[in-house]
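> Each chain is listed here by its residues.
Protein chains: 2
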Amino acid sequence: MSDQPQRSRERKTYETFHPPKRLLLGPGPSPVEERVLEAMSAPVLGHLDPLFLQCMDDIQEMLRYVFETNNKVTVPISATGSAGMEAALVNIIEPGDQIVVCIHGVFGERMLDIIERAGGKPVIVRAEWGQAIERRNIEAAFDSSKPRALAIVHAETSTGVLQDLSGLADLAHSKNALLVVDAVTSLGGHPVGVDRSGIDVCYSGTQKCLGAPPGLAPITFSERALERIRGRKSKVQSWYLDMIMVEKYWGSDRTYHHTAPILMNYALREALRIVCDEGLEPRWQRHESNHRALVAGIEAMGLQMNVGKPHRLWSLNAVRVPEGIDDARVRARLLNDSNIEIGGGLGPLKGKIWRIGLMGSGSSRENVLLVLEALQKALNAEGFSCASGIEAAEAVS
Amino acid sequence: MSDQPQRSRERKTYETFHPPKRLLLGPGPSPVEERVLEAMSAPVLGHLDPLFLQCMDDIQEMLRYVFETNNKVTVPISATGSAGMEAALVNIIEPGDQIVVCIHGVFGERMLDIIERAGGKPVIVRAEWGQAIERRNIEAAFDSSKPRALAIVHAETSTGVLQDLSGLADLAHSKNALLVVDAVTSLGGHPVGVDRSGIDVCYSGTQKCLGAPPGLAPITFSERALERIRGRKSKVQSWYLDMIMVEKYWGSDRTYHHTAPILMNYALREALRIVCDEGLEPRWQRHESNHRALVAGIEAMGLQMNVGKPHRLWSLNAVRVPEGIDDARVRARLLNDSNIEIGGGLGPLKGKIWRIGLMGSGSSRENVLLVLEALQKALNAEGFSCASGIEAAEAVS
Chain A
308 MSDQPQRSRE RKTYETFHPP KRLLLGPGPS PVEERVLEAM SAPVLGHLDP
358 LFLQCMDDIQ EMLRYVFETN NKVTVPISAT GSAGMEAALV NIIEPGDQIV
408 VCIHGVFGER MLDIIERAGG KPVIVRAEWG QAIERRNIEA AFDSSKPRAL
458 AIVHAETSTG VLQDLSGLAD LAHSKNALLV VDAVTSLGGH PVGVDRSGID
508 VCYSGTQKCL GAPPGLAPIT FSERALERIR GRKSKVQSWY LDMIMVEKYW
558 GSDRTYHHTA PILMNYALRE ALRIVCDEGL EPRWQRHESN HRALVAGIEA
608 MGLQMNVGKP HRLWSLNAVR VPEGIDDARV RARLLNDSNI EIGGGLGPLK
658 GKIWRIGLMG SGSSRENVLL VLEALQKALN AEGFSCASGI EAAEAVS
Chain B
308 MSDQPQRSRE RKTYETFHPP KRLLLGPGPS PVEERVLEAM SAPVLGHLDP
358 LFLQCMDDIQ EMLRYVFETN NKVTVPISAT GSAGMEAALV NIIEPGDQIV
408 VCIHGVFGER MLDIIERAGG KPVIVRAEWG QAIERRNIEA AFDSSKPRAL
458 AIVHAETSTG VLQDLSGLAD LAHSKNALLV VDAVTSLGGH PVGVDRSGID
508 VCYSGTQKCL GAPPGLAPIT FSERALERIR GRKSKVQSWY LDMIMVEKYW
558 GSDRTYHHTA PILMNYALRE ALRIVCDEGL EPRWQRHESN HRALVAGIEA
608 MGLQMNVGKP HRLWSLNAVR VPEGIDDARV RARLLNDSNI EIGGGLGPLK
658 GKIWRIGLMG SGSSRENVLL VLEALQKALN AEGFSCASGI EAAEAVS
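From first to last, the protein sequence lines are chains A and B. Read in order, the letters of the first sequence are residues 308 to 704 in this note's numbering. Read in order, the letters of the second sequence are residues 308 to 704 in this note's numbering.
By construction, these hints were calculated from the structure, which means they are not laboratory data. Fair warning: there could be bad hints in the mix.
Remember, identical chains collapse to one label, so a pair may be satisfied in a single copy or spanning two.
Stated by the list, open to error - Dumping the calculated EDC-like pairs for lysine to aspartate or glutamate here, alpha-carbon to alpha-carbon at most 20 Å:
| no. | residue 1 | residue 2 |
| --- | --- | --- |
| 1 | 659 | 634 |
| 2 | 482 | 375 |
| 3 | 328 | 345 |
| 4 | 542 | 401 |
| 5 | 319 | 584 |
| 6 | 319 | 365 |
| 7 | 542 | 423 |
| 8 | 616 | 435 |
| 9 | 319 | 364 |
| 10 | 540 | 423 |
| 11 | 555 | 420 |
| 12 | 616 | 689 |
| 13 | 657 | 356 |
| 14 | 542 | 404 |
| 15 | 428 | 446 |
| 16 | 657 | 560 |
| 17 | 319 | 588 |
| 18 | 319 | 585 |
| 19 | 379 | 549 |
| 20 | 482 | 341 |
| 21 | 319 | 375 |
| 22 | 319 | 502 |
| 23 | 482 | 673 |
| 24 | 453 | 689 |
| 25 | 319 | 368 |
| 26 | 555 | 322 |
| 27 | 328 | 356 |
All chains should be modelled from the sequences, with the hints used to inform the complete structure.
Have a look at this one:
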């Protein structure tokens, strides 16, 4: 009955997959510690097994610590970070709602796309890719509209820009709008402080600064956000991401919604244990100091950071590709010669920056030195002679 | 700034999680073989690493074999089975579309909910829970409406009913409607035959007869379904599940969409290798023969199956709870005394049936004997004296 060209639906034989151990210093996934991988090879439990329910409770408690929140609804969505973005937006938007959306990279663009699909009316605030959003432009958007929410990316993974959130909650709340924050690349590596910052909806991914494999999207909703959701006139457009239903499974009701990805939750639980053992503040400091060491090394090599100093992410470092150098060839050298993955630029920054991630256990002085050395080697091989960045990086406390 | 009651967002200390090894004979997740768990502890690759792209290609090829299809778009959705259902429906439905939806259990009800959230106009065909949908009722629905699709569950996990699909594609296609089939609990355990059966959209889960952990939803779209999607007037309401974008990542473009759950894909690849090694036909036969052995044992114990013989799933067996017996107490005994998980009934069948899954590697004669023995022991302990089912089960070839 098929009218497609013949494709091979026959049975095939494949060898066991033996991926090499790469040093993951790109925009994520970040390196996963051995004990997290080990946690995933434990026996699978049923999704309603009393022992798995306990595992879910532990995860929720530890997520509250990491998000710095008392929010009751603080759970991992059973899909990757982008589904966290979709869950954050579709739960609070009803058709016709005006939403101020800040765009200074791929993930702001993605928010815009999701807002439009949910029937929201976007009020767009833009900055150049590589710049932060300016507060006065957000204020102007609020003055010219009656928004129900302000959506902004805290850590723009596509550009390496850290967005200052201070004062945004007061601005939003004074106009009866919710503050929605993308913390995919900051949570666990930078202070986010959901309650302190007055964030109403905040989501992240497991595969960045939290150090778990990709597959879950931690998310938290304030009481103000939950009130908005409870007062909806229409159902949330996504069944899978409907937080009222998701919460009934994760909360005290334990009502079956979907089958949770059991092993991903084991992994997240173990990764969160590591975060708790280290403590948030020391973890932020580690991310900061290794970022500073990388920057010192990069600049000693005669290369330039693409983002101005006050706006640099610690977890994701955007380095300018020198004039005349082929971005992709250098990345291929790092991957093939040194087994190190770094990222390229996206959109207007394609070919113009490298993105070096120092996230979770990947943020170590040893890795900073490894990537600086490999980058110098690759650049020299491409005919761009540059000094070593090692000494400068080692000098950073 | 929080106005919620104080909750514990302090740092806590948790022990390593050591779940016991349960025998998973419920409605899923099913037992996961050791080599699949081992595959998940391989080093994490980046989602655009050339070696991971090869892993993705292998998975697509093996999924075509399992679905028995030549469909180009045959991929795992990066979320659990229910997200597969949502992806199947939201991609093909535009607001106002009439959709014939067959409901004879939880998953038909879920389809209805998703259809309505997508703005579809449902034309409902019902059967009692535990019965199959009657062909003439589907025909009547087509006569009274101009549906754009027919949505039906092949294997109703909530009731243990196998739905005959024969002739449904001809019926749907003659009226310019697509055939959408939920094969979550049948794929890999029962013949589905996407191309043979003329199915346009078919989805499944990894944690049933395919023997991988939960976390992905294999799905396939026929050329007819893709034409429908390409001709849409509106964007698909879900960004995360938009197949045009998902396909660009899985297909030749390799355009970044979201970060795939790397380790879940390693697991699925290894589970599919097991399916390919065994071969589909022997795998179906194994599921059938162990089902027959279980039924023989159950009936020898004086218990009754809840579904009529022609409509019984091999992968999920609904057994009536005897009059006066507390369903949950018996299941708790199985779990606590024998480390065996079986499922209870849902909705109108709550308290009335047990659901015994024999899926993937869980479908073995040994497991049939183990669950029969444990069930007899638990029933006797609850004061319901019954004979052994072992001999009858062993006698089945």
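> Does each hint hold? Answer for all of them.
Taking the hints in turn, this is what the structure says about them:
1. For a Cα distance limit of 20 Å, the shortest separation of residue 659 from residue 634 inside one copy, 7 Å, qualifies, whereas the shortest one across copies, 64 Å, does not.
2. Taking identical chains as interchangeable, the C-alpha atoms of residue 482 and residue 375 are never at most 20 Å apart, the minima being 24 Å within one chain and 56 Å between chains.
3. For the identical chains of this complex, residue 328 and residue 345 are neighbours both inside a copy (16 Å) and across copies (15 Å), given an alpha-carbon limit of 20 Å.
4. Within a single copy, residue 542 and residue 401 get their C-alpha atoms as close as 9 Å, and across copies as close as 17 Å, so both meet the 20 Å cut-off.
5. Proximity of residue 319 and residue 584 under a CA criterion of 20 Å is satisfied inter-copy only: 9 Å between copies versus 46 Å inside one chain copy.
6. Taking the shortest Cα distances, residue 319 and residue 365 sit within 20 Å of each other only across copies (9 Å), while inside one copy they are farther apart (42 Å).
7. In the homo-oligomer, the alpha carbons of residue 542 and residue 423 lie at most 20 Å apart both inside one protomer (17 Å) and across protomers (9 Å), since each shortest distance falls under that limit.
8. Taking CA atoms no more than 20 Å apart as the test, residue 616 paired with residue 435 passes inside one copy only; the shortest distance there is 16 Å, against 66 Å between copies.
9. Taking CA atoms no more than 20 Å apart as the test, residue 319 paired with residue 364 passes between copies only; the shortest distance there is 12 Å, against 42 Å inside one copy.
10. Both within a single protomer and between protomers do residue 540 and residue 423 lie at most 20 Å apart by alpha-carbon distance, with minima of 18 Å and 14 Å respectively.
11. For the homomeric pair residue 555 and residue 420, the shortest alpha-carbon distance between copies (17 Å) is at most 20 Å, but the shortest distance inside one copy (28 Å) is not.
12. With identical chains, the CA atoms of residue 616 and residue 689 are never at most 20 Å apart, being 28 Å at best within one copy and 71 Å at best between copies.
13. For the homomeric pair residue 657 and residue 356, the shortest alpha-carbon distance between copies (17 Å) is at most 20 Å, but the shortest distance inside one copy (47 Å) is not.
14. In this assembly of identical chains, the alpha carbons of residue 542 and residue 404 lie at most 20 Å apart whether taken from the same copy (14 Å) or from different copies (18 Å).
15. For the identical chains of this complex, residue 428 and residue 446 are intra-copy neighbours only, at 17 Å inside a copy versus 42 Å across copies, given an alpha-carbon limit of 20 Å.
16. Taking the shortest alpha-carbon separations for residue 657 and residue 560, only the inter-copy value of 16 Å comes in at or below 20 Å, while the best intra-copy value is 48 Å.
17. In this assembly of identical chains, residue 319 and residue 588 lie within 20 Å of each other by CA distance solely across copies; the values are 15 Å between and 51 Å within a copy.
18. When the C-alpha separation of residue 319 and residue 585 is checked against a cutoff of 20 Å, the pair qualifies only between copies, where the shortest distance is 11 Å, while the shortest distance within a copy is 46 Å.
19. For the homomeric pair residue 379 and residue 549, the shortest alpha-carbon distance inside one copy (16 Å) is at most 20 Å, but the shortest distance between copies (31 Å) is not.
20. For the identical chains of this complex, residue 482 and residue 341 are neighbours neither inside a copy (47 Å) nor across copies (55 Å), given an alpha-carbon limit of 20 Å.
21. Proximity of residue 319 to residue 375 under the C-alpha cut-off of 20 Å is restricted to the inter-copy arrangement: shortest distance 13 Å between copies versus 50 Å within a copy.
22. With identical chains, the CA atoms of residue 319 and residue 502 are at most 20 Å apart between copies only, with a shortest distance of 18 Å across copies and 53 Å within one.
23. Taking the closest pair of Cα atoms, residue 482 and residue 673 never come within 20 Å of each other, the shortest separation being 48 Å inside a single copy and 65 Å across copies.
24. Taking the shortest Cα distances, residue 453 and residue 689 never come within 20 Å of each other, neither inside one copy (53 Å) nor across copies (63 Å).
25. Proximity of residue 319 to residue 368 under the C-alpha cut-off of 20 Å is restricted to the inter-copy arrangement: shortest distance 8 Å between copies versus 45 Å within a copy.
26. Taking CA atoms no more than 20 Å apart as the test, residue 555 paired with residue 322 passes in neither setting, with 42 Å inside one copy and 26 Å between copies.
27. Taking the shortest Cα distances, residue 328 and residue 356 sit within 20 Å of each other only across copies (12 Å), while inside one copy they are farther apart (34 Å).
Checked against the numbered hints given earlier, the structure breaks hints 2, 12, 20, 23, 24 and 26 and satisfies all the rest.
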